[in-house]
Structures are given as structure tokens and as C-alpha cells.
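> In order, the protein sequences belong to chains C and X.
Counting in my numbering, the final residue of the first sequence is number 356, and the numbers go up one at a time with none missing.
Counting in my numbering, the final residue of the second sequence is number 823, and the numbers go up one at a time with none missing.
Derived DSS-like pairs: lysine-lysine, alpha-carbon spacing no greater than 27 Å straight-line:
(1) X/K499 / C/K274
(2) C/K271 / C/K246
(3) C/K343 / X/K524
(4) C/K307 / X/K499
(5) C/K274 / X/K524
(6) C/K254 / X/K524
Rather than coming from a laboratory, the hints here were simulated on the basis of the structure.
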Amino acid sequence: MALPPPDPQFVLRGTGAAIHTLHFSCGSQEPAVPVLFSGSENGFIHVWNLKTHRVDTALDGHGRKSVYCVETMGGKDQLLSQGRDQRICLWDLAEGRTAVTDSVCTENVGFCRCSLLKVAQGRWLMAMAAKALEEVQVLELPSKTSVCTLKPEVGAKLGMPMCLKLWQPSCGSQPLLLAGYEDGSVVLWNMSMGKALSQLVCHQEPVMSLDFDSEKAKGISGSSEKVLSIWSLNEQQNLQVYKTHKLVNAGICDITIRPDKKILATGGWDHRIRIFGWKNLKPLAVLDYHTASVHAVSFSDHKIPSERLLAAGSKDHRISIWSIYTQT
Amino acid sequence: MAAGPERALREAAAALERGGPGAAAALGAAREAVAAAGGPAALGERERALLGAFLRSLARARPAAEWRSFFLEAPPGLALSVLLEALAAPGSAREAAEVLELFLREGRVPALLWELCQAPAGSPELQEALLGQIVCLPDHVSNKLQGKNPPVFFPQNYFPLLGGAIIQVLQKISESLRGGLDCSISFISHILGKVCVHGRQKEILSVLVPRLTDLTKSDCIWQRICWRLVECVPDRWMEAVVLGFVQRAPGADVLSRLLGNLVVKNKKAQFVVTQKMLLLQYGHTTAVLQNLLGYLALDSLRRALLIKVLKELLETWGSSSAVKHSPPEQQQYISKAILICLSHLKEPEIESCRQELLTSMMEGVKCHLDSNLPQIRRLGMIVAESISSKINTDGPVLKFQYEEDDEARELKSLLVQTPPFCVVPGPRDDDRNDKTDAALPGELESNKKSHPAAPVKPEEESDAELDSDDDLIPYDMSEDKELKTKAPVYIRDCIEVLTGSEDVDKWEATVKALESLVRKNPAATREVSVELAKIVLHLEEKTCIEGFVELRQRAQVAILTTDPIPVAKYLTSQFYSLNYSLRQRVDILDVLVLAAQELSYPKSHGKTKHSDAQKPCIQLLPGSDSSKDWRKIVDERIKNKTRRFATGQSQVERASGPNEFNSVAGHFFFPLIQHFDRPLTTFDLLGEDHFVLGRLVHALAILMYLAVNTMAVTAMGKALLEFVWALRFHTDSYVRQGLLSCISSVLLSVPAECLLEDVTEELLEAQSWLGDVVEKDPDGDCRRLALQNLLLMENLKKKLQTVPS
Chain C
29 MALPPPDPQF VLRGTGAAIH TLHFSCGSQE PAVPVLFSGS ENGFIHVWNL KTHRVDTALD
89 GHGRKSVYCV ETMGGKDQLL SQGRDQRICL WDLAEGRTAV TDSVCTENVG FCRCSLLKVA
149 QGRWLMAMAA KALEEVQVLE LPSKTSVCTL KPEVGAKLGM PMCLKLWQPS CGSQPLLLAG
209 YEDGSVVLWN MSMGKALSQL VCHQEPVMSL DFDSEKAKGI SGSSEKVLSI WSLNEQQNLQ
269 VYKTHKLVNA GICDITIRPD KKILATGGWD HRIRIFGWKN LKPLAVLDYH TASVHAVSFS
329 DHKIPSERLL AAGSKDHRIS IWSIYTQT
Chain X
19 MAAGPERALR EAAAALERGG PGAAAALGAA REAVAAAGGP AALGERERAL LGAFLRSLAR
79 ARPAAEWRSF FLEAPPGLAL SVLLEALAAP GSAREAAEVL ELFLREGRVP ALLWELCQAP
139 AGSPELQEAL LGQIVCLPDH VSNKLQGKNP PVFFPQNYFP LLGGAIIQVL QKISESLRGG
199 LDCSISFISH ILGKVCVHGR QKEILSVLVP RLTDLTKSDC IWQRICWRLV ECVPDRWMEA
259 VVLGFVQRAP GADVLSRLLG NLVVKNKKAQ FVVTQKMLLL QYGHTTAVLQ NLLGYLALDS
319 LRRALLIKVL KELLETWGSS SAVKHSPPEQ QQYISKAILI CLSHLKEPEI ESCRQELLTS
379 MMEGVKCHLD SNLPQIRRLG MIVAESISSK INTDGPVLKF QYEEDDEARE LKSLLVQTPP
439 FCVVPGPRDD DRNDKTDAAL PGELESNKKS HPAAPVKPEE ESDAELDSDD DLIPYDMSED
499 KELKTKAPVY IRDCIEVLTG SEDVDKWEAT VKALESLVRK NPAATREVSV ELAKIVLHLE
559 EKTCIEGFVE LRQRAQVAIL TTDPIPVAKY LTSQFYSLNY SLRQRVDILD VLVLAAQELS
619 YPKSHGKTKH SDAQKPCIQL LPGSDSSKDW RKIVDERIKN KTRRFATGQS QVERASGPNE
679 FNSVAGHFFF PLIQHFDRPL TTFDLLGEDH FVLGRLVHAL AILMYLAVNT MAVTAMGKAL
739 LEFVWALRFH TDSYVRQGLL SCISSVLLSV PAECLLEDVT EELLEAQSWL GDVVEKDPDG
799 DCRRLALQNL LLMENLKKKL QTVPS
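Use the sequences and the hints to build the structure in full.
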């Protein structure tokens, strides 16, 4: 008889609005406190102290418009956030400051989260949905210089980009971009040439979220349908469907592969968090705690594996923190 | 000059009279005399008379010698008359029949006809007499010989033989025409006409039509002969001939070759083709219609008629009285004719009468959509769509929603005309199977559909570190079920959700859970039953739930059965109140009927039956015809009741229990029957809302039936019979069907003694009305129902007689 699924380790309450994005910052050395950033619908970014389970700071930089993406740039003092006010803000949080140091105006009305990739010390690439509906723009941060703009071919009818993932192939060549589109396809972009290398129709509905494992050259995407699609990238840089997995309920909001590539978590419209083994997509657990759609799932970057956490933020205003499969 | 043969004939006759060995010599002498006069064809008037007298005595005397062959040599007309006289005379019938048989077998019929064609001068009486003799020969012979009639005289053998003879004669005529000689064909036409009017079209035309089709294919003299043949048919027989040709011609082009412009030249034929066959009759097959209208379309002179016909057809189609009073079969026939006409019309012709077409279409579609019979409504939609697509080639066209079944497809296929020269109808019999082959080639295409990105099979064993994450032990996932919004658990919560909730998921869950909740909590339901009934009655479909109408109906039934009296009172009062849609009123009726059904069933029975498929069959979805189901129920009961002597199966022990409908039947029934004649501003049962009236009448019939064995049944029966009486001449056949079902229910439900004591008068009145309906009603279902009712009454009477009280 299998064990019943665990309960959350603890629950963070008090944002007063639906949670749209989560980001851990736990990797720094002691005595720094591990923190969790959460972006919520009322436009606040909360910085949660994971020792006390309390909010340390609440950042208000998006004019009370929903915040749907939060990332750190290097440490927990440099923060990037994206909001529905069509701005991407860069924060300086060092020494208790709460200041927006810079911002990028996206002029995009969609919900597509930006994607951040560190290319060198102090240099990042950021991909974001651009003003024109089908386009993706890549900037270099912090200089904000435009690297390229990725336009689908005329007549491709991909629709809006829905989710983005910048990644660096392990052989160290140019970074590439994976983008999931409204028509259900995932496209691999070469940014230096500005052209699509491969396109794969994974879903019949818009791709809601995707994540990619550059070591195994394998990725996973979810849509509003009842299936997860796992695809692989071969040496010729062609995307192929590798496997599909049928879900009990329709609708995936977020997918994250744990940094050690052992497991992945999905957050669904059915209020549940699902854990799968990444290698063969074996279903491992269904965590049923929330009472509304789970909008964000995130794994912590703890140095010690046994301390690693999983956080899930939901429309029900709560963030549940789980400790699961930490012994591997 | 002619004295020689005359005397010889006279002497021969005398010798024959004397009898004895002189007979053979007399025969020889007569033969010689005929030869001397120049052959049988050259005989003069007086010689013919003498020869006739001789033949007569020959038939009487019947000498041992070869007397029979003499009849075959004599002029065939004369011989036939004499033989028929001999047949009629006592004593000589057998021999005369033998000679007649010989006469037919030896091919004397063509000779006879040819003789008559060549000498048309003979007196009309004589011609008339011979005509009768030829056409009625089988009747004469069979009358005389009764059972011993030789097969050659059977109509199915004789008339084809006559047809063959006609062809032979026509051949001779064509030869003589080619030789420059004139020739009269009118006697042949007379024969043809008379045979056809005697109902032997099938026998004679089955020979004539194929042969003439071949012969006229490329020969214009033959075509002229054929046209002449038909044109010379007297008016009184024209209809039978034209009908026969139209039914048997293998295609419109052939018909056009055979008939020529007959319809233009002959008034009677025109009437038959353009009026009688299209507007007055409706039993002809589609192939016949196609023949007929195709024939009209094939010549420019006749095309004017085609347009005229179309206008007349449309006038009938668009007349509301015709839609109401003519049987559906006829309306279907007219619709078919209209569609075929449309298929033949060309662009300029349509252009010239576009406005008229549009006007009649608008009128027609209005009165068709007004009908209560789904079949009629659909006919209207199909025809209107077709007309509109024909007259608006570029603009927007009408488009209706209806069920595509075989009938609709057949009708629509008529609009796409096969080119007139390769029509393949099955004219003679009902062989219409050739069309099925056409469907085959299309099927291959569907298999070629490309598959979207087929998944690459994961190479299962390629993972080297196979086991490394199998140490991840899954947790129990048995709870991972489909997400369901939690439905309310209390009735009062339901009311709250249904009246005010903005949460669509919750609302959906509530609608789905309501029925079971009501059934599980009868006490709680009773506290709020009327309020709940009100909410559910007004419930509108907020989101797209599968089977919403059914869910709502089941909930309503559950509420009504849980607390029958107040809820029934509420629903029946709402049926007659202001500001409801027809849909809601019909819902009320359905709910009352279903609840009555549930209450009247024994409990254990009802429980299992009601939760599943049995209900939706009565529920009315837009466009479905539930009256059939209703009628089926009644029919089944009638069957059960009337044929009890034929049953042999063992009766299963039925679960018994008190009839819950007993105490509440009146509450369901009487409020419904009370106010039907009081029109409201928005609702007029006796006026234009006759559809709801039809449903009401059917509902009453079912309630009446379900009230069997209840206390109120006699009073209900009496009220219902009065109600039926008031509406018995309603113009809508759906309403009349309901009324007839009502009578059936009364007869079945009310105990026989009560029927006799309390409602005798009403029953007698109803009986005479039923008799009328059986004879005169245009609707086939009405006639059938009325007949069943009369049978029921008859059975009732028998039952009363066998049990004298």
C-alpha cells in the first residue's frame, strides 16, 4: 500500500490576492536567510522569510497591477519583476532598500512571462513578448540593448507567444530560445540568425507553460488540454514528440523541472500539484491542498539537497511549501 | 359480273343447310367463289353479307370437313363477328372458342386490324361493334366458358398479343407510308384507347412502349406514326393512354419522342398532364414525376407549360388552406414536383418570374412553419431553401436547421437534375436500387487523411541509468479523480445558488445535483417546494451544460412528485398565466405528465425505471416529435386490451403498492382543462398557439390514461369528453390526433359501468363523430386512431353483453 501523499510543510498566507509567480533565493551562504519572492494579483511582490514564515518586505512597483514574473539576478538583492502594467522592473534590495533601479517598457498586453539567462558575470539576456502580437524581443541586461527580434514567417499563424525559455546548450555555443505559442506549437529559435530552427505542434490549444532540460535535450509542455507533451531535440536541432502523458483533469498553468533534473512539478487548473519522475515521466504524487487553480510552482535552490523545497502559489491566495523527494 | 360468286355462295350455303356429304363440296364451292371474286379483301358489300350468312351456317352445321380453316381464310372482321355470335349461341360455344383460339394463334389479329385500317369507310356502328369485340374478347370468352377458358384468352396473354399485332400493323402502315400511300391509324388509336381505359395499360403498353422506343429512336416516320397514334385517341380515353405512357416510358426523352407535342395540341391531354397528375393525384412515384416534368421541359413549346405548372404548384404549396387540409403525402408529392420543376428551369426563365417565385415562397414558408406536423414544417423549409437558392444565385440564401434524413436528402437530390438524356428511372416496377452504387467512390478519400505529428516511440531501453530514479517511490494517487465542483448538500443552498450565485461552476454542479437532492430529502423539499418549483421553472441555461433541458425537467419532476398538490396547483396555474414562453408552457405539460406517470407506477417499479433512459424519450427537444411516443404508449395499451385471447406468456408477479396518483389526479387534471378558451394577451390556445393546444390535448390524454383505477376517473372522463366535443372540428391534425387519443384514454380508463351510466350521451355523440373522422379526415393517423376508437367501443359493447348485470 502506497503512502498517502504528504501534507504541506507549511503554508504562507496573507498576500490578500491570487499568487501568480514564485521564486526562491536560498542558495547563499549562512547566515543569510533563505527567502521566497511571490508576485500577486494586487501588484505586490512579497519577500517571505523562510525561517520565520513571515513577510519581510512587500514591494509595490507595478501600480497595483498583477505581477506575473519574478526572478533574481545573481543574488537575492537584485530582482527582476514583470507586471501587467507592461513594465519589467529591476530592483535593488540590498541593505533593506526597496528601490526600482531601472525598468523596461514591454508594451505587450499578454501574459507571457519573460525568461532570463545569465551569459556572463553581470550580463544577462532577457527574452520577452514584444509589442507586435507575434513577436519576441531579446534584450541584454542591464544595458537594455536589443539583441534581436524574432518574427515568425509571414503566414505562420502561430499566434501570441505564451511562454519562453532561454537556454544555453551544454557545448557552450550560442544561447537558444524555446517559445510556446498560442496555436499549440513550440518553436526553437536561433537568436543570432533570428530564424526558427524547428517547429513542433505539441498541442491543440495554447501552450501554457514549458520547461527544458538542456542536458538531456528534452523538454515538456502543458496546455489547457488534458495532456502533457514531452519532446526532444535531436542533433539536427529538430524537435520531435517523445511521449505524451494523459492527465485526469484539463489545464496546466505552470511546469518546472527541479534543478537536479530528477523530478518535475506541474500546477493545474484542477487545484492540484503533480509530481513526476523526469526520466520516464512516472507519476509520483498528487498534492491536493489548494482550493483554486495553482498558478505557479517553483523549486528552491538550496545547496543541501535535503533542505530543498517546493512552493506552489494558487488563486486561493495561499502559498504551500512542500518538502518532497528530498533524499535523492 | 359479280353474279357468279354470289350465286355460288348462295348455293353453297343451301348445300350446307341440307347437311350430309354435300358439305365438303359446298365448302369447296364457297372457296372457289371467294377466289373468283378476287380474294377475301376484294369482296363487295353484298358478297360479304352472303359470305357472312354462309359462315354462320357453317358454324351452325360444323361439317366433318376442314371447316375451321375456312374461318381463317375468310375476311377476319367477318369471321370474328360470326365466331362471337356462335360463341353466344347455345351449343356451339366450345367449337367457336376453339376456332377463335386458332384465329388468334394463326396471326389473324394483325390481318383484322390491317383490314380495318385500310377500309375506314365502314359504318361507324360497325367499327364501334368490332372495336368492342376486339377489346372485350377475353371477357366474352371467359363469361361463356367460365372455368374452362384456354390460357390464350387470359387478359395477361391476350393483350400483349394484341400489342404485338398493333406493332405489326404499324409496321405495315409505315411501309405503305414510305410507299407514298396514305393510311388511317385512327382505328388502332381507338383500340389502344379502349384497352387502356379498360385498365389493361400494363399488359398492352409493356409490349408497345419498348418496341416503339426502339423504333422511334432514329426514324422520324415512326415518330410521326407514334404521335399520330396518340393524338387520334378519342378524348374520353386520352387520360388512360397518357397516364400509361408517362408511367411506363423509361425516361423523359423517350416520353418526348413517343408523345411529341401532344400536350400542346390536345386539351384533354394537357389537362391530364398539367393538372390532374400533378395537382389532383398524388400516388405517382418520383420517377413518374421526373418523366412528366422532364417531358414538359424538353421542348420550347412545352416549356411555357412547365412554368405555368410551376406557378400553379407553388400556389397550392403556398395556400394555407391546402397546407392545413390536404394529407401530408400529397404535400410531399407537390413539393417533389416543385423541386423537379426548379431543377429544369433555366436562368432567364427564373429571371422572368423571380418576383412571383419570391412572393409564393414567402407565403408558403409562413404557413408551412405554422404547421404542427414536423414533416410539413420540414417540407416547407426544404422547398423554401431550394427556391431561395435558385432565385438568389449570388445573394444570401435561406438556410434552415432541420434533421438531415433520407427523405430530406431524397428531396434535395431532386433539385440536382441528372441531364435529361441519361435519366435512369425505374418506371414499371419499384426497382430504384441503382442509385446506391454512386456513393462508393467518395469513401476512398477519407482514408488519406494525414496524421498530425505521430509521436516517436520512446526508445524504452536506451536509458542506461535505468533504475536511478526508480527509487522515487510514488505516493498513493487513488484520490486523483476528475475534479468536481462541490455541489450543495442542502435544498436551501440550492435555492441560494440558483437564484443569486455568480459562480458558474457551482451553478452547474447545483443543476446537476438538484434532482437527487430533492429525492433524498423529501421533507426538506416540502418546506420550500413551490418556491423551488418556481425557480426551476424559470431557470435559464447560463452556461452550456450537456443535457440541461433534461436535467431541469428531471428536477421539476422530482419536486412535483415529492409534493404533488401544492406544486401541481402552482404549475397548472402558471400554465394559463401571462408572460411565459411557449417553451415554458410545454415544459409544464411535460413535467405534469412525467410526474403523473411516476406517481401512478408501483413504487419499486418506478424507482429503477425513472432514473435512466425512459424519461428523455418523452421530453420534447426542439424539432423532435414526441407525439409519436405518446401515441405509442396509447397504442400499446390498446393492443394489450383488445387482443387478450392471443396471449400465452406467464404474467410476472407485479410489485404492488398504493397508487399515489389516486389522491392527486384531479389536481393535475382539472386546472388544466378549465381555462383553455380564455385567451390572454400573450397566449391564445384556440388561436395561433395551436401547437401548445395540441400538446395540452395530448397531455390530457395521458393524464386520463394514467388515472385508471383512481377515484376521480369518471368525473375526469366526463369533463374530457366535453372538452373533446368542443374542439372536435379543430383544423389542426395534431390537435385532432390528441383528441382521438383522449377518447381512447377515456374508454380505457373509465370503468365500463360508469361509462354507460354517466356518459352515455357523450359517448354516442363521440361515436358518430368518430365515424365521420374514419371516413373523411384527410390525415391518415387521425383515421387510424378513430378506427381504433371505434374498435374499442365495439369491444366494450361485447364485454357488456357477455356479462349481463
